[in-house]
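J.: For reference, the chains in residue letters:
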Amino acid sequence: MVTYALFGVLALVVLAPIAVALSASPNATGFVYGACLIVALILFLLALHILLEYPAASTVTLPLGLPWLGAHFRIDPLSAFFLTVINLGAAAASLFALGYGRHEEAPQRVLPFFPAYLAAMNLVVLADDAFSFLVSWEFMSLTSWALVIANHRVDENRRAAYIYLLMASFGTLALLFAFGLMAGADGHYAFDAIRAAHPAVGTAALVLILALVGAGSKAGLVPLHAWLPLAHPAAPSHVSALMSGVMTKVAVYGFIRIAFDLLGPPQWWWSLVVLALGGATAVMGVLYALMQRDLKRVLAYSTIENIGLIFASLGLALAFKAYGMELAAALALTAALLHVFNHSLFKSLLFFGAGSVLTATGTRDMEALGGLIHRMPQTAFVFLIGCTAISALPPLNGFVSEWLTFQAILLSPQLPSWGLKLMVPAVGALLALSAALAAACFVRAFGMTFLGRPRSPAASTAQETDTNSLAAMYALAAACLIAGILPGIFIDALAPVVQALTGGQMPVQTGVEWMSIVPIAESRSSYNGLLVFAFMAVTGMVTAFAIHRLASDKIRRGPAWGCGYPDASPLTQYSASSFAQPIRRVFGSLVFRAREIGEMPPPGSSAPARLTVQLRDLIWDTLYAPIGIAVGVIAERLNYLQFLTIRSYLTLVFAALVILLLVLAIWP
Amino acid sequence: MIRDFALQGLTLQGAQMLLVLLMAPLLTGFVRKVKARLLSRQGPPLLQPYRDLIRLLRKDVVLANNASWLFRVIPYLVFAATWVAASLVPTFRSGLLFSWTADLIAIIAVLGSARFFLALAGLDAGTSFGGIGSSREVMIASLAEPAMLMIVFAIALIAGSTQLSTMAAFMNSAEVGLRVSLGLALIALVIVAVAENARIPVDNPATHLELTMVHEAMVLEYSGRHLALIELAASLKLLLYVSLIACLFAPWGLENAGISPAVVAAAPLLIGAAAYVGKLAVLGFLLAVFETAIAKMRVFRVPEFLGAALMLALLATLLRFVSRSF
Amino acid sequence: MQGITFDIAHMLAGSLVLVSFMQLYQDRLSALLNIFALHALVLAMSVAYQAFVQDAPHLYITALIALVFKAIVIPVALRRIVVKLGIHREIENVFGVGLAMLFGIGLVALSMVVMLRVTSAADPLAREDLAFALSVVLLGLLMMVTRRNAVSLVIGFMSLENGLVLAATGAKGMPLVVEISVAFSVLIAFIVIGIFLFRIRERFDTVDMQAMDRFRGEQR
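Chains as they are written, first to last, in my numbering: chain A, 1 to 668; chain B, 669 to 994; chain C, 995 to 1214.
The hints are simulated quantities; they were obtained by calculation from the structure and are not laboratory data. Note that the Cβ used here is the ideal one computed from N, Cα and C, for glycine as well. One or more of the hints may lead you astray.
Claimed, not checked - Covered stretches of chain B (in silico footprint by chain A; criterion: 3 or more residues with CB under 8 Å from a CB of chain A, positions within the stretch not fixed):
#1 813-827
#2 855-868
#3 891-897
Please put together the full structure from these sequences, using the hints given.
T.: Here it is as structure tokens:
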């Protein structure tokens, strides 16, 4: 099985040089994205097939990489699941790009890297030894970096790419150390060997922290998230969708692979760290999102929030697993994985929508948009579905995974540890807060972009996007709805993954009457998305029909009520900043040290009043800025090393060599 | 036999849906009447809300020039979501046919959907009033929803379930006793209910000054049948919260059929219905007294009020661990 | 000690924690005084109930002391001081109510973890009583650090002391002498602080603690 998958990856890798060769041709875009679409679809179907039919792992070793090791590849249920997520996202992005890619200014800077990036993400999930894993991981980082810098003429993008490169290298370094520790002094880099060897408690803890830093920095865990909201929006929109919707999931895969599979039985207190980080990430991410004006940056920050939710569920699963509560661990892990899948759907959809808005209007600034629902009704419709789904509202899919997480949280009193007993409900409160704030955030995102009156000429003359883009968005929206109303199928599909990682699995859902989902027992909790959807649809339509037939169906148009001031300028509408003002005032004064400075002109003066809002990014100021300054100072100090004579350089090299040899000699 | 069960179940479920729909305006009218009497006014007749609704239904809709298709769909969505949510809360009998469609968390989330769309509607016409309403509404919701979920946690951790029928059965049993957690959860639930239904002191349902309104500012552009649906949805939501409090904290008289439909007897049904009406009257009266006795808060005092509810609910969850079963 | 007996004791002790939180929430002095009276009243009820349950008549005296002094005499006296000083509507808080409450929740969780872990062998009633009592003590301390008005400091101190009494009554066999001496020490503390308040006020024209720091030449 794994061989077929590798052939697919090979096809993607081969596509990259072809794209370079073709880049002069006008048909290159269509060819490359079309080919990517086909390969991704095949890989998706293959992965789905493996996930559903073959719970046993299949492996292959290729004579590549380190000579004594070779390159091991393997497909087990976990990697099969992540392969489906990756390739579904990749297929959607390729389809979207068939239309969107035509607006690309410099396609030769995107086309070669796109298939390579897809191949890299697939390889990470397929890798079965530390060496191939790290090489693929770094390959993924570099190709995505190249895509981030595709539009390199914008200063902001260059800065984003620079910070991304730094953080990505840092994350890989952490993972390198993690694998080094797990492999031990003898260097058993194949995952099989690592799995068999159980490291000491202290080592395992260190590995977990390193894995959290390495995978967390790629996924966007607070406080390692700084690069994400810069880099994701900078890339072309279909790549943003992949980075936010899929690449963060590859990072989650890395963490799951290490923490649940390779590292052996977990300690209970690991979960404390993961839970706390997850909860904090969820709330911080959505609060940042609420403060942004840039539509794509809102989406990027909301990715951070969702990653927080996923990590909180993973932490819960770790806690249950540590105490041998298999059923509960299975529930929590299912919630996490289902959210991985769901988030990849609606985040891709939302980024596609943002991309369509960007091509139609030329701006991502929500304060210059508005009223697009009239100009782009179809985009508005699918974007609305995405917003509803990501706000965790029934009957769409975001709610299902959130609901499962809450159900898992409600099992926490059975945990023996007091710290966890009290902490898990508190994390639950954080998640609930972040869910409510996410709804606020997406009311704002949708309302400012699509509703109201246009705030700029570009917004008032926008055109609906092309069919390919719309097809991709409709497909994802449909998937969101299906996963929302028939979640049982998806939960059952996850069963082999969960079984392999926790030793337990949730009750089979497909046999339940009326297609409900019942995590534990029916008297305890159940949810039926299908019935909720059907009830709402039927009652809504019956009401509409009845009222239109029996009462009145007349409509008149008139000006909106403006307190007696007719024809107010569109600028008098609520803007993105003013919409966020109450929340900024409640949460921002603490989290962002938000300050509002109002300047009122004296009475009688016709000068405009001004309101300035100051926000401080405390994480950047306290964590990143000092490091940046320190690096600068050190670089300044070492500057003189640039102007030495050849002889001094040779001395330095020689001294380094001798010192290393000395260390080796002294080493026991 | 099985078909009989199904038929009975469907009938009861249908009866519940109709009951909440018909009772909701009555409860609103009752609260208004009591409030008026407490202020020594005559007040509108009890049936006035029905007349208002019928009058509104007959009128033409005047849409703002800029209103989109979404603006016209939203009243139906909001109404449908609220109605579905309200008919899933046990009123006269628990364990109805579709009661397992959604547990309490899902019911709250369905209401969240309704609010999400209503807030969007406020932004659609492109006026400042809609914006002010929406932005304040989401601010209030961003605190009320987590508080509500923590309340659910607190009660569910005690009752061992988030299924309303099971919870009601547990609260009706002798196992409950007096628990601090439940007391705290009740206070928090009342605060959340007040905020969610835009009642004084959080919002004033009867205000006519745009700048002080939250919910009313959001729906300012609605008229005719759309407004009727939104008002009916607001009444349903009030009824839902009152039923919720009654079902969780005063489950007496609620016939408990568990999860599976049992044989339906007439007597317990009648008792249940009578008890339900009585509970509505008592709680509605208390709401009116509370609203008359208190002044509306400044908008930025509301977060503290709701924050207190959140804290109480969190405290209830924590205190649960020092209660009897441990 | 099961069933309803436990529930009532639990309820009363829990209410004491709740009233402590109400104190944290309330930032006006006169309302704060009312809540303090309520705090003492709940304490008196709790102690009286303990007296009834444990069949320990001397605890009734403790309850009476709490009722008379803390629920009536001291609040009335403090109210007079506050009115005399003209600060009954003063709003004062070092940091926001929300943050203080959040911190308070954390303290309650902490005291629960600590108490329930170390007393796992003890009688369940004493266990939860001790956990609640520690919470009340910590919340009183929290109030003392978050308020800048000297009167609120006094109230914080007294509610802290209420927590101590709760702990003492929950643990069986605490001699009466200890309780009475504690009660008297508080009374004396109150008198001393009351006198000092007036002296401070006479000299500096304020009871704001920050102002006093300035007079001492400290920078904050």
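J.: Next step is simple, just say for each hint if it's right about the structure.
T.: Hints versus structure:
With a threshold of 8 Å between beta carbons, the proposed coverage of the segment 813-827 of chain B by chain A holds, since 7 of its residues qualify and at least three are required. Using a Cβ-Cβ cut-off of 8 Å, 0 residues of the segment 855-868 of chain B lie near chain A, which falls short of the minimum of three, so the contact claim is violated. With a cut-off of 8 Å between beta carbons, the segment 891-897 of chain B has 3 residues touching chain A; three or more are needed, and the interface restraint holds.
Hint compliance for this structure: hint 2 is the single one not met.
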